[in-house]
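There are 2 protein chains.
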Amino acid sequence: MTSSASKSWLLLLGFILFYVIYLLLGALVFSSIERPVEDKLRNDIQTMQREFLNQTCINATALEEFLVKALSASEYGVSVLKNSSLNSNWDMASSMFFANTLVTTVGYGHSTPLSDMGKAFSILYALIGVPFTMLVLTASVQRLMYPLVYAPQALFQRSGLDPRPASQLHFALLLAAVLVCFFVAPAFVFRAIEGSWSFLDSVYFCFMSLCTVGLGDFVPGEQPGQKYRSLYKVVVMVYLFVGLMMMYLLLRAFHKMADLHGLTSFLELPHCEEPEGDLRPILGDGPTDTGPPPPGPLHHRAATKQPLEPAAQPSYNTISKG
Amino acid sequence: MTSSASKSWLLLLGFILFYVIYLLLGALVFSSIERPVEDKLRNDIQTMQREFLNQTCINATALEEFLVKALSASEYGVSVLKNSSLNSNWDMASSMFFANTLVTTVGYGHSTPLSDMGKAFSILYALIGVPFTMLVLTASVQRLMYPLVYAPQALFQRSGLDPRPASQLHFALLLAAVLVCFFVAPAFVFRAIEGSWSFLDSVYFCFMSLCTVGLGDFVPGEQPGQKYRSLYKVVVMVYLFVGLMMMYLLLRAFHKMADLHGLTSFLELPHCEEPEGDLRPILGDGPTDTGPPPPGPLHHRAATKQPLEPAAQPSYNTISKG
Numbered sequence: 029m030t031s032s033a034s035k036s037w038l039l040l041l042g043f044i045l046f047y048v049i050y051l052l053l054g055a056l057v058f059s060s061i062e063r064p065v066e067d068k069l070r071n072d073i074q075t076m077q078r079e080f081l082n083q084t085c086i087n088a089t090a091l092e093e094f095l096v097k098a099l100s101a102s103e104y105g106v107s108v109l110k111n112s113s114l115n116s117n118w119d120m121a122s123s124m125f126f127a128n129t130l131v132t133t134v135g136y137g138h139s140t141p142l143s144d145m146g147k148a149f150s151i152l153y154a155l156i157g158v159p160f161t162m163l164v165l166t167a168s169v170q171r172l173m174y175p176l177v178y179a180p181q182a183l184f185q186r187s188g189l190d191p192r193p194a195s196q197l198h199f200a201l202l203l204a205a206v207l208v209c210f211f212v213a214p215a216f217v218f219r220a221i222e223g224s225w226s227f228l229d230s231v232y233f234c235f236m237s238l239c240t241v242g243l244g245d246f247v248p249g250e251q252p253g254q255k256y257r258s259l260y261k262v263v264v265m266v267y268l269f270v271g272l273m274m275m276y277l278l279l280r281a282f283h284k285m286a287d288l289h290g291l292t293s294f295l296e297l298p299h300c301e302e303p304e305g306d307l308r309p310i311l312g313d314g315p316t317d318t319g320p321p322p323p324g325p326l327h328h329r330a331a332t333k334q335p336l337e338p339a340a341q342p343s344y345n346t347i348s349k350g
Numbered sequence: 029m030t031s032s033a034s035k036s037w038l039l040l041l042g043f044i045l046f047y048v049i050y051l052l053l054g055a056l057v058f059s060s061i062e063r064p065v066e067d068k069l070r071n072d073i074q075t076m077q078r079e080f081l082n083q084t085c086i087n088a089t090a091l092e093e094f095l096v097k098a099l100s101a102s103e104y105g106v107s108v109l110k111n112s113s114l115n116s117n118w119d120m121a122s123s124m125f126f127a128n129t130l131v132t133t134v135g136y137g138h139s140t141p142l143s144d145m146g147k148a149f150s151i152l153y154a155l156i157g158v159p160f161t162m163l164v165l166t167a168s169v170q171r172l173m174y175p176l177v178y179a180p181q182a183l184f185q186r187s188g189l190d191p192r193p194a195s196q197l198h199f200a201l202l203l204a205a206v207l208v209c210f211f212v213a214p215a216f217v218f219r220a221i222e223g224s225w226s227f228l229d230s231v232y233f234c235f236m237s238l239c240t241v242g243l244g245d246f247v248p249g250e251q252p253g254q255k256y257r258s259l260y261k262v263v264v265m266v267y268l269f270v271g272l273m274m275m276y277l278l279l280r281a282f283h284k285m286a287d288l289h290g291l292t293s294f295l296e297l298p299h300c301e302e303p304e305g306d307l308r309p310i311l312g313d314g315p316t317d318t319g320p321p322p323p324g325p326l327h328h329r330a331a332t333k334q335p336l337e338p339a340a341q342p343s344y345n346t347i348s349k350g
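Residue numbers (our numbering), protein chains in the order written: chain A, 29 to 350; chain B, 29 to 350.
Derived by calculation from the structure, the hints in this document are not laboratory data. All values derive from a computational prediction rather than experimental measurement. Wrong hints could be hidden among the right ones.
Note: identical chains are not told apart, hence a pair may lie in one copy or across any two.
[Claimed, not checked] As a list, the in silico SDA-like pairs of lysine to any residue whose alpha-carbon atoms are at most 25 Å apart: (1) K68 x A148; (2) K35 x E296; (3) K35 x F160; (4) K35 x L201; (5) K97 x A167; (6) K97 x C85; (7) K97 x Q77.
Extracted from the complex, chain A is given alone in its bound form (with noise of 0.2 Å):
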């Protein structure tokens, strides 16, 4: 691995380790301003509870005064009944969960701030955090397009492919290698894990939170008595942003494919722009302990790049021949 290539995974580094220390200070933050609340509010409805339990007959208007502090806590994630209302929203785990949704735009939306200081702070926290996740996502999606997009491609075009259906054959391998792993192979841990999940249910909860649309009806972790609790929602945390790494992953692969076919040109579309650097190496042609890339082939793509025509899309494999 040439020096600029292990400088770059070190940047990456960094910025995955900011985003856990990011997260565990937003955790951190949400669970002291929150817990309070929700412990407020979960004694208030316990008390409430026992008085219209207390009452002799029951009364109609005395039910809906009732209901309407049930649903209204219910929508905070505080629930009335006696087997739920064990596990807090706002512990370390679930608040940190709550910061990775926040940041990750999935938002499940199960549990929600409830104080002004909580919606305040969940404001300044995405403010940063939606932005700086963007970056570390593409960050990592960008180190991981010569590894997973661009050596395969070249691999197909070595073994004879043209390059447009050499970029199908390694869009529809992709297309299903993250099917497996990021859908149906977790929709089958979750059913197993979620008592009341069906398979339809936990493929729904993969896409949902993949695609960061976040209904919130299923949220992992959340029926009562759930073991491992914390080390779970950490699990599903790494799984959303493994799987949404993959998802943008993807979707380059895709534009770059789209770019290939006249797609992006003839939409007047945006095209998907190629990483520079170190491909040579890693296409495995190349002298492996150079600086900056000299002049050459790679550049003469790069500035090459812009005609628009089809036709003039150069092919990896004059790159990686070059």
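We have chain A already, so just place chain B on it with the hints.
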């Protein structure tokens, strides 16, 4: 306007038209799948409430059982409360609103599909809808980059500013305009319309929506007896769409500025691709009725875009005066 420019806007119009048709189709399907299920759930819960009220004395177990059903119905957006059971979550306007929050990935989740068919259709609908919406947004922003980013930047440069300060000044102005038009002003409107929202709640709603987090603790048009509910929902949809477009434009402008300051190169991230084509006519110097732009400063600029030193970044001054 050149013929290629009008072709470009016509294409965009086609996209937007197709987007609206896609939303209408989605609304139709969601409404026909989910409305009967919702009606059944609402009837069940009302029967249950009547039965509960008919008991002579209050039983804690019976209350718990009733609450389990009431809370689970509430998660799907069906309320047992008297004054909120009038609005369906799956009439045409609400279904279209739901379809819109799916494809834009905002995903409030205040109402979610109940049936397996509804969930399966949601997956399929988002599978096509999310990438298509991204395409429409990208195409829109691509066409807005000239009038809202390149033209004002060129103007600042013509009045004597260097490229970097020009891009900073432009970004600050754009940011302020977006803040006022898409956060502060709408927040005043929401606070006025939604009885129970504070100003902070309204800003929080705007922010969480336009970042596509969509927590769903605040959703417009859900208060009982909302006047012109359908129209209001449609207006909010338009606001969300244009708002997302402006957020994306802001991101592109920031990316452009980061490129200019060498930040993207430093962090080894992809660069912001500049749209090609009719920059010259819009900047007001070029011929106004040519087809494809002739080779010249613009093409020279495109070809020399690749070198990554910030100093090598061409100035728009050069382009418009070239």
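Review point. Between the shortest in-copy and the shortest cross-copy C-alpha distance, which are at most 25 Å for K97 and Q77: within, between, both, or neither?
Key: Classified as both; 10 Å inside a copy, 16 Å across copies.
Review point. Should K97 paired with C85 be assigned to within, between, both, or neither, using CA atoms and 25 Å as the limit?
Key: For K97 and C85, both the intra-copy (20 Å) and inter-copy (21 Å) Cα distances are at most 25 Å.
Practice item. Pop the pair K97 and A167 into one bin, within, between, both or neither, using alpha-carbon distances up to 25 Å. Key: Neither way: K97 and A167 sit 46 Å apart in one copy and 46 Å across, limit 25 Å.
**Study point:** Intra- versus inter-copy proximity for E296 and K35 (alpha-carbon distance at most 25 Å)
**Key:** between (36 Å within a copy, 10 Å between copies)
Review point. Under a CA distance limit of 25 Å, which applies to K35 and F160: within one copy, between copies, both, or neither?
Key: within (20 Å within a copy, 37 Å between copies)
Review point. Can you tell me if K68 and A148 fall within 25 Å by alpha carbon in one copy, between copies, both or neither?
Key: within (20 Å within a copy, 39 Å between copies)
Review point. Is it within, between, both or neither when you check K35 against L201 at 25 Å Cα-Cα?
Key: Answer is neither; intra-copy 30 Å and inter-copy 36 Å both fail.
Checked against the numbered hints given earlier, this structure breaks hints 4, 5; the rest are met.
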